[in-house]
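Student: Line by line, the protein sequences give chains Z and U.
Using the numbering used here, you'd call the opening residue of the first sequence number 8 and step up by one each time.
Using the numbering used here, you'd call the opening residue of the second sequence number 4 and step up by one each time.
Watch out, some of these pointers could steer you wrong.
Claimed, not checked - Straight-line Cα separation of at most 20 Å, DMTMM-like style, residue types lysine to aspartate or glutamate; simulated pairs: (1) U:Lys59 x Z:Asp13; (2) U:Lys216 x U:Glu361; (3) U:Lys241 x Z:Glu56; (4) Z:Lys88 x U:Glu58; (5) U:Lys216 x U:Asp71; (6) U:Lys223 x U:Glu180; (7) Z:Lys43 x Z:Glu29; (8) U:Lys108 x Z:Asp75; (9) U:Lys442 x U:Asp289; (10) Z:Lys43 x Z:Asp75; (11) U:Lys230 x U:Glu184; (12) Z:Lys88 x U:Glu109; (13) Z:Lys43 x U:Asp263; (14) U:Lys66 x Z:Asp13; (15) Z:Lys17 x U:Glu58; (16) U:Lys241 x U:Asp263; (17) U:Lys215 x U:Glu70; (18) Z:Lys43 x U:Asp244; (19) U:Lys108 x Z:Glu73; (20) U:Lys226 x U:Glu184.
What the hints assert, rightly or not - Derived CB-CB ranges, DEER-like: (21) U:Lys340 x Z:Arg78: 46 to 52 Å; (22) Z:Asp16 x U:Arg284: 46 to 52 Å; (23) Z:Arg78 x U:Arg284: 36 to 42 Å; (24) Z:Ile99 x U:Glu355: 54 to 60 Å.
It is worth saying that the hints were derived from the structure and are not from the lab.
A quick note: this is a predicted structure, and the numbers were derived from the prediction, not measured.
A virtual CB, placed ideally from N, CA and C, is assigned to each residue, including glycine.
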Amino acid sequence: MFSLYDVTDKTVTIILDGIPQEVPAGISVAAAVLGKGHVHTRVSPVSGEPRAPYCMMGVCYECMMEIDGHRDQQSCQILVKEGMTVNRQILITEGPQ
Amino acid sequence: MKELMNVSTIGFDVAVIGAGPAGISCAASLADIGLEVVILDEQANPGGQIYKNIEKVSDACLKILGEDYKAGKPLVQRFRNSKLTYFSGACVWQVNTDGHIFYSKEGNSHEIAARYIVVATGAMERPVPFPGWTLPGVMGAGGANNLIKNGGVKPSGRVVLAGSGPLLLLEAVHLIEMDVEIGAILETTPAVPNLSSLVNLPKALKRIDLLKKGIVMLHKIRKAGIKHYKGIRNLTAKGNDRVESVHAMKADIPLDIDTDLLLVHFGVIPNTAIFRQLECRHQWNDVQRYWFPQCDKWGRTSLDNVFAAGDGCFVHGAVSAALKGELTALAIAADMKMIHEHERDKQCAEIEMRLKLELAPRQFIDAMYSPSQALYKMPTETTICRCECITMAEILEAIDEGCVDPNEIKALLRPGMGPCQGKMCGSVISEIISMHTRKDIREAGSLNIRPPLKNIPLSEIAEIELLTK
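Sequences and hints are given; from them, build the entire structure.
Tutor: Set out below in structure tokens:
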């Protein structure tokens, strides 16, 4: 779907689903997770279907992920930071909070 | 410019919501005049969607995005040099008619107050549901364009573009320049332009430079050898856990194209959430099929202290948005006796002349890409509300049972109650009701928008330090 390029430029390391990942600095969390090759970023708590960022401009809320311990964050609006913990919300049993 | 971090409550002359071209131009002009201005924006950096990341973009990206994108640089530079208060990463979740605004930033909510409110929340891509649109790998073309502006991330594999409007073709050109494989462009726009658009052609010719840009885009697409179909129907994304292929009909011929990514675009509509929450009076645009807040030439809405600037009040594009932001600033400055009305009108005349030239081709383009209500004749299995997973069949059943108001349908089935608060399904439900009850869209009603506009935890609301009046 997406891939990273220019990673030789300035980068930061985020902990994505428990694994340290080097990603370009200055990009959104949603962009980084898509760029790392992930296809879906959450499952719908209603239907259990996999979902991925759709609008990328803060409207649709499909990009919600757990960022630094806070669930349901709009990952397309938040930029990656060094050491940031990001978890995709991909376990069906978690359900809405 | 000061960037305040830990101040809970402050009073200002003007609060501007949104740091796109309209918001930053308006805020900078007001600050130059000497007013106390606060600007609140969801994003990390100024520029809005159109000039996203303009300050840090790489030269390679700048080359792909071109001169229209580069035009944002001086605007953002002027804004950065202005003496105003700028809160980035600030999500506004409630606006009151008395000028009190509540917003969330880094997990904490705050209240501010301002005499005037300028809502410059811009436009969003028109949500048009179709079977399979919830599959990962289906995304807005504008969204994918944001990824390009971000830098560092690009589509891989084969991409199909579908929908309507000049931005769809622009995205195709960007992808060509990034050497991304395009499987096809599937346009819902008819192959032959409709008569109403041609009527507006003479006026549009005043800006032959803009029309030429369109022709250059089409030439690049043709030269790249991309299959480009017009007048397609029955768009469907297929796949199990992700999009694997796209299906559509061109007349009686089925098109089935394998793809890794489907980018869709059906034009842009004003993001009216804050205007709706404030219960500003709205009007319907019959050509582009969207609601917009009723306002005068200054952007003043039906509420005296609330202004609408930029694409949020009517979609005119980025250059016009900045000009409209300046008109709003003039009106507020005159209202607050910071400039004389003569001065306001003199400056207004200059801006209006530039605006007129900018808008010359707009009616032609809007009519050429006018969406048909038939877009909303989705198959019954289509998911309409992405958050609550409500299908077309469920909504039609509710209508047949007599629920013909969007708010009744919301109460019955929950569409519009999920995290996006109806931003994705609200306009769609009104169109479905209008079609199936054969009522004019103006009579079909709209979803009521209530605070909080954003998904924030109750604990955060409980912890706000409130302003004492």
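Student: A separate judgement is required for each hint: does it hold in the structure or not?
Tutor: So, going through the hints one by one against the coordinates:
1. U:Lys59 x Z:Asp13: Holds, at about 14 Å.
2. U:Lys216 x U:Glu361: holds, 14 Å
3. U:Lys241 x Z:Glu56: Answer holds: Lys241 (chain U) to Glu56 (chain Z) is near 14 Å, not above 20 Å.
4. Z:Lys88 x U:Glu58: It holds: about 18 Å lies between the C-alpha atoms, which stays within 20 Å.
5. U:Lys216 x U:Asp71: Holds, because 11 Å separates the two Cα atoms, which is no more than 20 Å.
6. U:Lys223 x U:Glu180: Holds. Lys223 (chain U) to Glu180 (chain U) sits at ~9 Å (cutoff 20 Å).
7. Z:Lys43 x Z:Glu29: holds, 9 Å
8. U:Lys108 x Z:Asp75: holds, 15 Å
9. U:Lys442 x U:Asp289: Satisfied, since the Cα-Cα distance of roughly 14 Å is no more than 20 Å.
10. Z:Lys43 x Z:Asp75: holds, 19 Å
11. U:Lys230 x U:Glu184: It holds: about 12 Å lies between the C-alpha atoms, which stays within 20 Å.
12. Z:Lys88 x U:Glu109: Given pair Lys88 (chain Z), Glu109 (chain U) holds - Cα atoms ~13 Å apart, limit 20 Å.
13. Z:Lys43 x U:Asp263: holds, 15 Å
14. U:Lys66 x Z:Asp13: holds, 15 Å
15. Z:Lys17 x U:Glu58: Cα-Cα ~15 Å, so holds.
16. U:Lys241 x U:Asp263: holds, 11 Å
17. U:Lys215 x U:Glu70: holds, 14 Å
18. Z:Lys43 x U:Asp244: It holds: about 18 Å lies between the C-alpha atoms, which stays within 20 Å.
19. U:Lys108 x Z:Glu73: Holds, because 16 Å separates the two Cα atoms, which is no more than 20 Å.
20. U:Lys226 x U:Glu184: Within the cut-off at roughly 14 Å; holds.
21. U:Lys340 x Z:Arg78: 46 to 52 Å: Taking Cβ atoms as reference, Lys340 (chain U) and Arg78 (chain Z) lie about 49 Å apart, which means the hint holds.
22. Z:Asp16 x U:Arg284: 46 to 52 Å: At roughly 49 Å between Cβ atoms, Arg284 (chain U) and Asp16 (chain Z) fall inside 46 to 52 Å, so the hint holds.
23. Z:Arg78 x U:Arg284: 36 to 42 Å: holds, 38 Å
24. Z:Ile99 x U:Glu355: 54 to 60 Å: holds, 56 Å
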